[in-house]
Amino acid sequence: MRPDLAGARQIGVLARHNLLLLLRDPGQIVAYTVMPAVLMSLLQPLYRAALHHGPAAAAAQDAAGMVVMFSLFALNVIGHSILSERTWRTWDRLRATPTSALELLAGKAVPLLTVLGVQQALLLGIATVAIGLRPAGPAWAFIPVGLAWSLCVLACGAALASSARSHGQLGTSVDIGALVATCLGGALIPLSALPAWLRSVAWVSPGYWAMAGYNAALTGQPATRLLPPCGVLLAIAVAAAALAATRTSRAQGRNRHL
Amino acid sequence: MALAAGLLRPDSGAVTVAGVSPIRQPRHARALLGIAPQELALYPSLTVREHLRLFGRLAGVRGTALHRQIDQIAQAMCLTEVLDRPAGLLSGGQRRRTHTATALLHHPRVLLLDEPTAGADPTTREALLAAVRAQADAGTAVCYITHYLSELDTLQATVAVLAHGRVIARGARQDLLAALPSEVVVQLDTPVPSRVVHGHHDRAAEGRLLRIRTHAAPVALGELLRDLGPDAGRLRGVEVRQPTLDDLYRSLASLADQPARAPRSDAA
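If you read the sequences in order, they're chains H and Y. FYI, the numbering for the first sequence is 19 to 276, going by this note's numbering. FYI, the numbering for the second sequence is 5 to 272, going by this note's numbering.
Hint data in this document are derived by calculation from the structure and do not stem from the laboratory. Among the hints, a few may not be true.
To be verified - Just some of the chain Y residues that point at chain H, by a computed CB distance under 7 Å:
1. R31
2. E43
3. S49
Beta carbons are placed, not taken as given, at the ideal position from N, Cα and C, and that holds for glycine.
All chains should be built: construct the whole structure from the sequences, respecting the hints.
This is the structure in structure tokens:
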């Protein structure tokens, strides 16, 4: 069999396997879909009061912010998924099969990519009904942004999980990292409400580029305006995936905490 | 095991799996391997069947062949009854058998099993040994790591003894044991007279028991009867114990613990 076909087949087997694992324990995914839907509705009056550009702008900030913030917490899902495998010793067992590190990670990412896509579509759909979100641009514009952002989140989660030494360490890194990226990126508090010095460094947060992409899609900007945020997010995804693959192919699963 | 699977790079030297380098051709090398590490690697929420299906598919087995091989290995490992039970609900022995079955399922060219019977009940042990023996008979090269050396007798294996990470002896069981003395245990109905022990380094008295380490049991027994003289009538029992692999390991390990007197590995 050609190597590329063999690789695709291994990814398919692993994606199916990981989807099964997700469906057997879907708690986190359900929480990360229900919680933003509730918060979105509760925070809408605050955004309307804080932003003086009308209800449409408030709805856009609210919806994009919740999508970015809660898909960022999906770092936890892929992170713990990989770390649990290390705890169960199944990660090393899978590494001993005819499967490369990248295929292992892709097998983890594919079902979660689908889940994140569904989560983001659901949240945007709920936002149109619950808080009056009216995207000015075409629906397809959300696809490249959502894809780039999801890949970025999953790759960062995989990189963190392949480097973490315990569930506690991973949880701490993810919680702090997600909160900082969310706040600094303007997902929870609008950028215009942040202190000037924070606004000047906001671009270092992947959340900033995700918000820029979603805002461009929501406000109907030309396709060229989607390119910079998508490009940055994909670049971060590639770097994080390379780190995760390197760690996965070289690391030993055992340490004093796992 | 990690070196054979290409998960670690050797500090020196090279490892090949049926002639294939796991460093240069990891996918090819791993396709030839079946691995069951010492530590169990199972998903608590997945059933035995789902485990076998996963590792079978990753090894390239599909369709009806996969179903057939799952049924075969489940039967061989006494897992048929629990095929649809999640691993988290299995007993320790069933988990161990499931773990090992994932390595055997696809009939690999090379099988690496690290203490597959650790903590296993007699049923598990018998099933595992029979399945491993069957794979070896079918042409699989089996590397079987164990602390239960009697299992190597059952498997009729070529033995390599490791101590401190080095192979200190290797060969067929009978060749390795040929160098070890037998033990003749003689029981008297009174304490062993000191005169029959004095000056004999191969004899040791423990109350009414006398142990003789010898390569020629009949000769040693004849000499003892002569030395006992009239006390020979107090003899109540004689047992000749042939050396076992446990004796071999103890002997070699104690030598390996004394570097100055340790034998060369190729002389063991």
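Checked hints:
1. R31: holds (5 Å)
2. E43: At about 5 Å, which falls below the 7 Å cut-off, the nearest Cβ of chain H leaves the hint on Y/E43 intact, so it holds.
3. S49: Since chain H brings a Cβ to about 4 Å from Y/S49, closer than 7 Å, the hint holds.
Checked against the numbered hints given earlier, this structure breaks none of them.
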